[in-house]
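**Q** Build the full structure now, drawing on both the sequences and the hints.
Per my numbering, the very first residue in the sequence shown carries number 1; after that it's consecutive.
Treat each hint with caution, since some may be false.
[Stated by the list, open to error] When the alpha-carbon atoms are kept at most 30 angstroms apart in a straight line, the in silico DSSO-like pairs for lysine-lysine are as follows: (1) Lys-373 with Lys-346; (2) Lys-343 with Lys-179; (3) Lys-185 with Lys-343; (4) Lys-323 with Lys-429; (5) Lys-483 with Lys-377; (6) Lys-170 with Lys-282; (7) Lys-377 with Lys-161; (8) Lys-362 with Lys-377; (9) Lys-185 with Lys-170; (10) Lys-449 with Lys-327; (11) Lys-380 with Lys-327; (12) Lys-449 with Lys-339; (13) Lys-373 with Lys-479; (14) Lys-185 with Lys-339; (15) Lys-343 with Lys-377; (16) Lys-473 with Lys-373; (17) Lys-380 with Lys-323; (18) Lys-479 with Lys-371.
No wet-lab data here; the hints were simulated from the structure.
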Amino acid sequence: MAFKTVSAAVRPARLTLAAAVTALALASPVVGLAQAQANTPLLQGQTSLADLVERVMPAVVNISAVTTADTRGRNMPQLPQLGPDTPFGDLFEEFFNRRNQQGERQAPQQRRSQSAGSGFIIDAAGLIVTNNHVIGDANEITAILSDGTRLKAEVVGKDSKVDLAVLRVKSDKPLPFVKFGDSDKMRIGDPVMAIGNPFGLGGSVSSGIVSARNRDISQGPYDTYIQTDAAINKGNSGGPLFNMAGEVIGINTAILSPTGGSVGIGFAVPSSLATNIVEQLKDFGETRRGWLGVRIQSVDDATAEALGLGTARGALIAGVDEKGPAKPAGLETGDVITKFDGKDVKDSRDLPRIVAATPVGKDVPVLIMRKGKELTKSVKLGRLEDGEKTQTAAASKPQAEAAKPAVATALGLELSAQNDELRKRYTLKDGLKGVIVTKVDPNSNAADKRIQVGELIVEIGQEAVNSPEDVTKRLDALKKEGKKSALLLVANAQGEVRFVALAMN
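**A** Okay, structure coming up:
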């Protein structure tokens with residue numbers, strides 16, 4: 001997984017059967033007992049969670065997912081590529097042809113892999129919530145209730161971006177279920193309880209507290225995990241994290257661990273994010289997220305100073321999709337979104353979550369900062385899933401430009417006007433504008449900000465530059481305005497752009 005420390009890595013809390021055997025062999029019952037006692041919350045003088053467990057346990061299920069793949073021919077030796085004059089070539093060909101013919105008469109081999117996880121029932125008719133990575137591409141999914149009843153499950157819908165899935169089982173009688181609570185009301189230090197299927201030990205209960213909120217562990221575009229010290233292990237994935245009212249305020253998803261066992265750092269998808277996705281999967285079998293059609297980046301202190309923001313805040317627009325909702329609404333590259341649909345955008349991480357949770361087709365007010373001025377734009381949101389399909393559009397048409405051999409040096413960069421030879425050397429996409437970086441001083445701020453040879457400086461201070469002379473004039477103008485930093489719009493050879501703030505000495 002992507003989020004790592006020196007000795008630990010974030011891992012999905014899914015369990016393979018081989019891992020279960022290894023983990024059980026290494027487990028220490030003494031340490032486990034001590035941790036369980038230490039994690040038992042004291043609630044108004046009570047030390048027992050038995051009544052709460054008795055009430056919610058029947059709604060928690062174990063998930064068994066079996067994937068069967070056809071391995072026919074995978075182990076079949078292939079005829080090596082032999083030249084016409086190779087000694088014994090005819091003998092090799094006859095040998096391999098005979099082996100292949102024998103293999104074709106063999107029955108197809110099936111490879112089965114099985115994993116285990118957890119889930120919970122959310123209505124009496126048999127809807128179950130779990131993690132997407134628990135079921136993967138399984139051919140057979142079985143939900144095992146606390147009383148041992150086994151029910152075949154079918155996939156209603158799944159979402160890889162937030163790692164959620166909704167399953168459906170059929171039962172002759174109404175099933176016990178639990179409800180979602182409001183994770184936004186949870187505070188750091190509030191007691192929580194997890195129930196699941198760790199290492200194949202179904203119906204296991206652990207307790208602890210909310211250790212942190214809004215954790216970004218680099219697992220997706222909407223990371224805002226609840227961190228808890230309640231013991232979460234492989235096999236707990238997809239299981240519920242309860243508050244003391246018996247409401248699900250999180251779906252246990254990942255752990256930070258060097259070995260795959262609990263070290264007291266587990267992560268759960270908050271119910272505030274999950275409930276809307278679960279409803280969409282239940283109603284449509286797929287997600288329907290709002291789409292703005294912009295590419296964003298974070299705002300650091302240098303960028304904030306260059307833009308006149310005062311403090312680092314908001315989400316900086318680094319690109320606008322030509323076919324997205326932002327374009328007709330008048331949003332531009334270089335705008336900083338500080339509020340969306342009445343909700344503050346404190347940093348770039350906030351915006352994707354807020355936009356995705358906003359209904360498709362809604363007219364949304366967007367507060368932006370543009371060249372030091374506050375403006376409000378109205379955007380009619382599109383659907384993200386539709387936008388993702390349109391982003392494979394053909395490249396823009398080539399635009400011929402006359403060769404301009406002029407060169408300038410500024411900000412630790414050697415800059416040259418575009419010409420045919422340089423465009424070919426750096427394999428620049430047709431139609432790109434700007435000044436080419438032909439050299440970077442390794443001791444400069446530009447090198448620290450990872451500007452590279454072959455990239456293009458498209459704008460400086462939110463004004464286009466197409467020649468080295470434009471660069472010099474623009475930098476002089478910014479210095480006269482009293483700016484300490486210059487905000488550069490930098491494009492790579494494929495045309496993807498980002499903002500970089502460089503100090504002007």
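**Q** Hint by hint, note whether the structure agrees.
**A** Against the structure, the hints:
no.	hint	in the structure
1	Lys-373 with Lys-346	holds (18 angstroms)
2	Lys-343 with Lys-179	holds (27 angstroms)
3	Lys-185 with Lys-343	holds (17 angstroms)
4	Lys-323 with Lys-429	holds (20 angstroms)
5	Lys-483 with Lys-377	holds (27 angstroms)
6	Lys-170 with Lys-282	holds (15 angstroms)
7	Lys-377 with Lys-161	holds (28 angstroms)
8	Lys-362 with Lys-377	holds (13 angstroms)
9	Lys-185 with Lys-170	violated (34 angstroms)
10	Lys-449 with Lys-327	holds (29 angstroms)
11	Lys-380 with Lys-327	holds (11 angstroms)
12	Lys-449 with Lys-339	holds (28 angstroms)
13	Lys-373 with Lys-479	holds (20 angstroms)
14	Lys-185 with Lys-339	holds (22 angstroms)
15	Lys-343 with Lys-377	holds (14 angstroms)
16	Lys-473 with Lys-373	holds (24 angstroms)
17	Lys-380 with Lys-323	holds (13 angstroms)
18	Lys-479 with Lys-371	holds (16 angstroms)
The structure shown violates just one earlier hint, number 9.
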